[in-house]
Amino acid sequence: GAVVSQHPSRVICKSGTSVKIECRSLDFQATTMFWYRQFPKKSLMLMATSNEGSKATYEQGVEKDKFLINHASLTLSTLTVTSAHPEDSSFYICSAGLAGLQETQYFGPGTRLLVL
Amino acid sequence: TQLLEQSPQFLSIQEGENLTVYCNSSSVFSSLQWYRQEPGEGPVLLVTVVTGGEVKKLKRLTFQFGDARKDSSLHITAAQTGDTGLYLCAGEPGGTSYGKLTFGQGTILTVHP
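Chains as they are written, first to last, in the numbering used here: chain A, 1 to 116; chain B, 117 to 229.
It cannot be assumed that every hint is accurate.
Reference excerpt, derived from the structure (chain B facing chain A, CB under 10 Å, subset only) [claimed, not checked]:
hint, residue
1, 122
2, 147
3, 151
4, 157
5, 158
6, 159
7, 160
8, 204
9, 215
10, 217
11, 221
12, 224
Hints listed in this document are in silico derivations from the structure and should not be mistaken for laboratory results.
Note that CB positions come from ideal geometry on N, CA and C, so glycine has one too.
Starting from the given sequences, assemble the full structure and let the hints guide the process.
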């Protein structure tokens, strides 16, 4: 099956610093990738839709200046948490759709962010 | 915004028991997916249902999509401790929301030996 990777898997940073998370589709091209946030024992909350070659579309309530998304190629999307604060600590997960297979989203393994 | 109500949120059962998880919505979805997620990992797709009334079986797991494509259920027969995890349903509205998923709240299943 299609594989999506995320890097890093875990990151600890100081408050005020910026953190970049990468999402890669390893064996397929994805024109659209999605970024989710998940709190412990809770469901996934969609943050934004990342579109290759164009601006990301953010869900209501998600600050686009806080969570910068770049989708520079068909296999890579990045999420940068700028000026991170402890409340940004969470599990961030990306997914990518296999072009031509409408219903299937493949999820990355997630990135655990802890802001001290 | 289309919402998916998933129930129950928590389920604690003994090994060998049967269980059913439900996902309900007032909206129609073009497809509905079920995922299982382990702690610290991303969700893993179990099944996608597309056709109203569709039933799919995956070993001891049976998935059903409602006739009107507004609801779905996951039934596990003779649960095993290895079934423990977070189960998520997710619906795709279709149309201009291509690929965009709406997730239910999740069901945390614990199967005791």
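The hints, checked one at a time:
Because the smallest distance between the Cβ of residue 122/B and any Cβ of chain A comes to about 8 Å, under 10 Å, the interface hint for this residue holds. Using the Cβ-Cβ criterion of 10 Å, the hint placing residue 147/B at the interface with chain A is satisfied: the shortest such distance is roughly 4 Å. The interface hint given for residue 151/B is met, as the beta carbon of that residue sits about 8 Å from the closest beta carbon of chain A, less than 10 Å. The beta carbon of residue 157/B is positioned within 10 Å of a beta carbon in chain A (closest approach about 6 Å), and the interface hint is therefore held.
With a least beta-carbon distance of about 4 Å to chain A, the hint placing residue 158/B at the interface is held under the 10 Å criterion. This hint holds: residue 159/B has a C-beta 5 Å from the nearest C-beta of chain A, less than the 10 Å allowed. A hinted interface residue such as residue 160/B counts as satisfied when its beta carbon comes closer than 10 Å to some beta carbon of chain A; here the least separation is about 7 Å, so the hint holds. Taking 10 Å as the C-beta cut-off, the interface hint given for residue 204/B holds, the closest approach to chain A being about 6 Å.
With its C-beta approaching chain A no nearer than about 4 Å, residue 215/B sits inside the 10 Å limit, and its interface hint holds. Hint status for residue 217/B: holds, given a least beta-carbon distance of 6 Å to chain A, under 10 Å. Residue-level restraint check for residue 221/B holds (minimum Cβ-Cβ distance to chain A is 5 Å; threshold 10 Å). Interface hint status for residue 224/B: upheld, as the beta-carbon distance to the closest one in chain A is roughly 6 Å, under 10 Å.
In the structure shown, no violation is registered for any of the earlier numbered hints.
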